[in-house]
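Asks: This is what each chain is made of:
4 protein chains.
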Amino acid sequence: MAPRVILRDPVHGLLAFESEESRCVPRLLQTEPLQRLRRIKQLGVTSLAFPGAEHTRFSHALGAAHVMQRLLGRLRALHEALPYWQRVTSERAEDAISAALLHDVGHGPLSHLFESALPGLPHHERWSTEILLDPSGQVFQALSRADAGRPMRVAELVNGRGELPYLARAVSGVLDVDRCDYLLRDAHATGVRYGMYDLDWLLQSLRFGEGDASTAPPLAVDGSKGLVAIEEFLLARFFMFQQVYFHKSTRAAERMIRSALALGVSCLADGVALPDAPRALVVAARGERPSLGEYLDLDDAVVWQALHAWERAPHPVLADLCRRVRARSLWKTVELLDEDAAHPERALSIARDVARHAGLDPEVYVQLDVAEDTPFEEDDAAPVVVSAHGPPRRLSEASFLLGRLAGETLSKTRLVLAPELRDPVRRALAA
Amino acid sequence: MAPRVILRDPVHGLLAFESEESRCVPRLLQTEPLQRLRRIKQLGVTSLAFPGAEHTRFSHALGAAHVMQRLLGRLRALHEALPYWQRVTSERAEDAISAALLHDVGHGPLSHLFESALPGLPHHERWSTEILLDPSGQVFQALSRADAGRPMRVAELVNGRGELPYLARAVSGVLDVDRCDYLLRDAHATGVRYGMYDLDWLLQSLRFGEGDASTAPPLAVDGSKGLVAIEEFLLARFFMFQQVYFHKSTRAAERMIRSALALGVSCLADGVALPDAPRALVVAARGERPSLGEYLDLDDAVVWQALHAWERAPHPVLADLCRRVRARSLWKTVELLDEDAAHPERALSIARDVARHAGLDPEVYVQLDVAEDTPFEEDDAAPVVVSAHGPPRRLSEASFLLGRLAGETLSKTRLVLAPELRDPVRRALAA
Amino acid sequence: MAPRVILRDPVHGLLAFESEESRCVPRLLQTEPLQRLRRIKQLGVTSLAFPGAEHTRFSHALGAAHVMQRLLGRLRALHEALPYWQRVTSERAEDAISAALLHDVGHGPLSHLFESALPGLPHHERWSTEILLDPSGQVFQALSRADAGRPMRVAELVNGRGELPYLARAVSGVLDVDRCDYLLRDAHATGVRYGMYDLDWLLQSLRFGEGDASTAPPLAVDGSKGLVAIEEFLLARFFMFQQVYFHKSTRAAERMIRSALALGVSCLADGVALPDAPRALVVAARGERPSLGEYLDLDDAVVWQALHAWERAPHPVLADLCRRVRARSLWKTVELLDEDAAHPERALSIARDVARHAGLDPEVYVQLDVAEDTPFEEDDAAPVVVSAHGPPRRLSEASFLLGRLAGETLSKTRLVLAPELRDPVRRALAA
Amino acid sequence: MAPRVILRDPVHGLLAFESEESRCVPRLLQTEPLQRLRRIKQLGVTSLAFPGAEHTRFSHALGAAHVMQRLLGRLRALHEALPYWQRVTSERAEDAISAALLHDVGHGPLSHLFESALPGLPHHERWSTEILLDPSGQVFQALSRADAGRPMRVAELVNGRGELPYLARAVSGVLDVDRCDYLLRDAHATGVRYGMYDLDWLLQSLRFGEGDASTAPPLAVDGSKGLVAIEEFLLARFFMFQQVYFHKSTRAAERMIRSALALGVSCLADGVALPDAPRALVVAARGERPSLGEYLDLDDAVVWQALHAWERAPHPVLADLCRRVRARSLWKTVELLDEDAAHPERALSIARDVARHAGLDPEVYVQLDVAEDTPFEEDDAAPVVVSAHGPPRRLSEASFLLGRLAGETLSKTRLVLAPELRDPVRRALAA
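Protein chains in written order, with the working numbering: chain G, 697 to 1127; chain E, 697 to 1127; chain Y, 697 to 1127; chain H, 697 to 1127.
These aren't lab readings, by the way, just hints derived from the structure by calculation. Treat the hints with care, as some may be off.
A pair counts as met if it fits within one copy or between any two copies, since identical chains are not told apart.
[Stated by the list, open to error] Calculated lysine to any residue pairs in the SDA-like style (CA-CA distance at most 25 Å, straight line):
| # | residue 1 | residue 2 |
| --- | --- | --- |
| 1 | LYS921 | ILE702 |
| 2 | LYS1028 | GLU714 |
| 3 | LYS1108 | ALA777 |
| 4 | LYS921 | ARG889 |
| 5 | LYS1028 | PRO1087 |
| 6 | LYS921 | MET892 |
Note that the structure is predicted; figures quoted are calculated from it, not measured.
Bound conformation, chain G alone (with noise of 0.2 Å):
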């Protein structure tokens, strides 16, 4: 019998992994880069906002590879449109199903805010690669057990490229098992309902596209049934954005958190001792790439310790953030509209005077933090719509809703500053 696992998850209900395709769950589940993602928030600093975003990015890589099950199970509902060649074998879903649960295995600390306070490092991507292909570590071993062949199918999987387009796209496109998991997941521990919609809908209204003779085709929707599900979809990773990825404290958050690496580093690069400071940071500091394993040493911990620790650093203002983050002190925000929003130096420039009068350093209490979103851009990667009678149509012809939003793109710009800066600058604006 194939080893098996399966779990309760609050998302989906009951996760089963006990096929012989999803053999591979229990055995990468016993790796360590696996079990480190237990260590590391889906969500990163949102539960300052959010207290109930303390969702890890184990549970979420399990929901993953739940939703490729789902979906291999519909594909093949699907599999008498497409040749022989172009089907979902048993090894391609023991591939998507092992991507699907690796795809963030490579993933930093405090989500995507590690790997931009430190611009030399290699991106999150890089890193699972690197995991995936070294042929000491766990993840290869358990992947190459059964087939050689797979650690490098995955790994171009994970990338978002692979024999059949439109299992690569399912691993890492708009419609992919990642964010159809992720939206339920952090609308489930956020409590933002708005992040919700349909999956078992979204996956019935899946068909094959037209490809050529060459390739497979893509996946479509079927317009009668599945347009309002993928309008749904993408309104729904909308509002998350608007709600949830953009929240005013947890940009502030990480803008005081992005701060204080940034700090480090140059601390540690003038040679000044920092305790706690883990050690990828310190290679990082002297202009070198951190070693595999010092990179799968960083967890959330590990570097809250350090924050913790740097509370007594001797560079006052690092100390000063540290503390800020720990007691939950965080930056305030003054939304910029209008004018001001499309050129905003002129108030970045009146509130870091107001810093600078306060003593404060302004290029670190005050800051300017520009989110943007485009809800639906429609590439030639987006599905199209297909009916029974007519020929296909593209999403924007076909919805009136994602019509409107197409290609348009959703931006706050804000002032992100100390709370004691906020009244005189809000003052000082309005002069």
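Given the coordinates of chain G, assemble chains E, Y and H onto it according to the supplied hints.
Replies: This is chains E, Y and H only, laid out in the frame that chain G set:
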């Protein structure tokens, strides 16, 4: 305008503390002891078995305060049944909301695990009282700002005592706001839906029972509407015990960590230096009581950091335990039934022989775990059932289900042992 | 391509019948006997007490067929435990889905009320069989189109018999798809959340038990995962009985309508003309059996129309009953407890004296209503509990809860009487 | 003690009307016009497409009264912003709850279908007013029992007028309790989850805007918390239009029944006797206005009974329509896109030629159906967005989404035709 806190919550949807009576909430949230609860998971190591169970005591504290607000609303709708001096005044309401928010403020890390691992240490209720009554502490100062008597009154409530017994029992009793929130929250986070019950209906079914001339009456339950609500509440709790709190992997992990902490303390007491040992442990190992400040420095991360560091401890059993916990290579269980459960010594002795034979410390690598719960204990504090016609009845009389469960105890007896011992132990037991 | 039906369902989300095996569903949905189920509410007069309970037997039939599809999926995942001849073939799957869809096709109007009001009438199971086997009927024709043996096999399954006992019991048994659907559907519609249970987990916990050489094994429940799922399922059912199916207003309305129908039939038998009397009643009043066509003309609307018309009946008691029911001026109940419940004759006699004294027909205006349910009866057909280690155990042994409930019967004894009699009867009983 | 009503509701969980202000609810529930709403489905024939959509206007009326109670609670929490004479007194609260309960009391059978089928008939709002103001009616008597001015005030509110415009618009406006309830209820019953929105958050986000000296201010939305709540509310409504209210089978069934009713009236006007014709139709066919009593005798069952009886009508087209509707052999649709939608006359004319050629009445068997909805029309009554800093902004300015949707109209143009015509018409159109 009173300071306000309005938050998303995945369990109750919306938490709004914006009245005069709840102005304590925003103030208390700014204190370090409350922010510390963000760093203590509600269910300790349970996320090793239920990946969603990452929720913290911080969100639970907010939830309990919210349920208290709702309960106060209900009590006031029933007020006409009471003389004036037994009603909930604004002052008592603010006391009660504060007590609900603070009821767990002295909790140690890793749920109840920490305090059971260090037998000499005061219980968390005791620490809570100290935090509330320490005049130099932030919590005391926030509470006493408007009313010097509040810290003492809140401390009484947290310990289930107070001028109005019905209010005190709502903080700590069979039907308290703690339990009302944690059942829903644990169910939401683990995905074990059996823990859900109907809070709206439970609140609606409350009545005042009969008191005597001198004291306020206890809360009772309306027989025609409320019996099923309370049955379901008690069963929800019982299902959570069976499914989550007694889960074999959770119990196994707890046994391992408890052993590791005890070994750690014993090493420290023997003068063995251990890296990253929390100050409170070092003090406790000397047989002294940690200070309040040392206790408050403890959180989940501090303990996990110690366990991680002790993978390199000189004590081989300690190091082995710590490595296994972090890699989630947990101990397995063998459930004992019938005669073996009634007299587990025989099985334990056989299993320890197997361990000894395998060269493993039998006291550590084989343990006996007995988990017990009484779903419904009908004591004098249990609510009675009232109806418009006829005298009050005890729950066990009025309820078919509770009549059959009252005083009955579920007991799970298990051997908890290293995975490599399970099969040999099973064979030895069967022999 | 097979004909397909894809529907939104408020309970299961999405009902998709699109495989070869479920092509019977679209065909059967086009028959008049199935469309007639749209006109019969699942819970009869329950909407008088729970305004949401308007759902029909039509949606329940679809839901049961959906659960059967899911169950078949689960059985096939367990197939390897069975010899080939005991597995679910495509033919058997289509039989089972058809049987699930058709299991209630012979139901009379107003839930079970109609058949209990006319004692001579065949039970609905009998009518179902006739509908299935009538060669001139649409249902028979739809079933036999591809396979002449199907009507007979489906009729067997509907009656809980068949070649594979585990499949027959899934149509009609302790854990059948009928119950699986109606608990969730009734809970959804009434708002009584206690009726929810975890269908996913229940299906996942199924195993095959041990059969003997000659017959397929029965279904069993996996002890480690499934015990709580089945406990909760049985308790959900029990909670629904307590809260909904035994609700005092529902029972009162049922008593009233049953009396009205009986009086109506008796009038017709006496040759009194009644307006809008359904043909089936007229025939039954003559002591004859209605034809299948006459029976199928009955639905909720036809009965309500008769009751409405009979407000103008020459029989004053009948007219009064009908007026009260339509204006929802329902009878009230007096619950009998303890001794009064054990020997209700005394209370009934006192109450009827009060009625007589008030000039009301005592047999009609005061009735005794005894509602009984046994939450768990452990007979030979009950599933056993299996585990990887050790022999199968009975549910009452393996489950703490079910061990305490097995064979126990809840009984509610009530006087049901005209509202104007309630206070005088209460006084007379208390005297 | 005030009379009380406490009910389970599948949408809101618990409906409790037990205060002084809501004593109107139990009284009004005993009137015949409210009980009649039990016999009128909220969504008319929609259950032909969504089998769960059996919910009635009765449960919706209760739900709207419940939302009004919650809204009143919220308004009072905001009261301090208003001068005394603009606040919600107990009298105004009882008016508002009564109006919410009664807002649809004059509704005809089969949703809006009935009134659109008989063009001469007064609209349901008109009938509601008559019911409220008829001094001999039960509703008037229940309302005027404690306060002779109440019927008139409630009638004003039902029509969206009143002393406090913010309260009047809460009965009938963009954000009224009618819409707040029906979106959730229709979503719950159909299973179309897109209709869900976050009522808690919407209520919490309400503020008072700015009024002038003479009138009470309108309701506004808090920009920082509430914008997304109102966006989601408006989109939920729009999704329900796309998915449910405009569903092709529903629209087709409506067209069929409307034609049948029109043909029926025309037969009656021509002196043709039709069995079971409701009295109100007979009167209307004579060109007279039915009396209030005749109107109130109409409900869904009465119309379905007529349609069933008319299967034997002497008019063959009428009989055919009625037979098809009952057997759910509904008309099919051909959606017209682009140019065909802009100028549908060409397609209609081609399709009618096909019908004529097939010997079918072209006006009945082929119809043009244009369904239109404007998701967000920003008129003067739309709420504005307020914030602590800066002036109020229009919704279309403050919201990225609503700015792109304001004033835009979705239009669905379809040919609705007998199933046997669909393929020939498709071919003819493609030619």
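Asks: Against this structure, judge whether each hint is valid.
Replies: Now the hints, each set against the structure:
1. LYS921 to ILE702: For LYS921 and ILE702, only the inter-copy Cα distance (9 Å) is at most 25 Å; the intra-copy one is 32 Å.
2. LYS1028 to GLU714: between (49 Å within a copy, 20 Å between copies)
3. LYS1108 to ALA777: neither (45 Å within a copy, 30 Å between copies)
4. LYS921 to ARG889: So LYS921 and ARG889 pass the 25 Å test inside a copy (23 Å) and across (14 Å) alike.
5. LYS1028 to PRO1087: Answer is between: at 20 Å across copies they meet the 25 Å cutoff, but 52 Å inside does not.
6. LYS921 to MET892: both (18 Å within a copy, 19 Å between copies)
In summary, the one numbered hint that this structure violates is 3.
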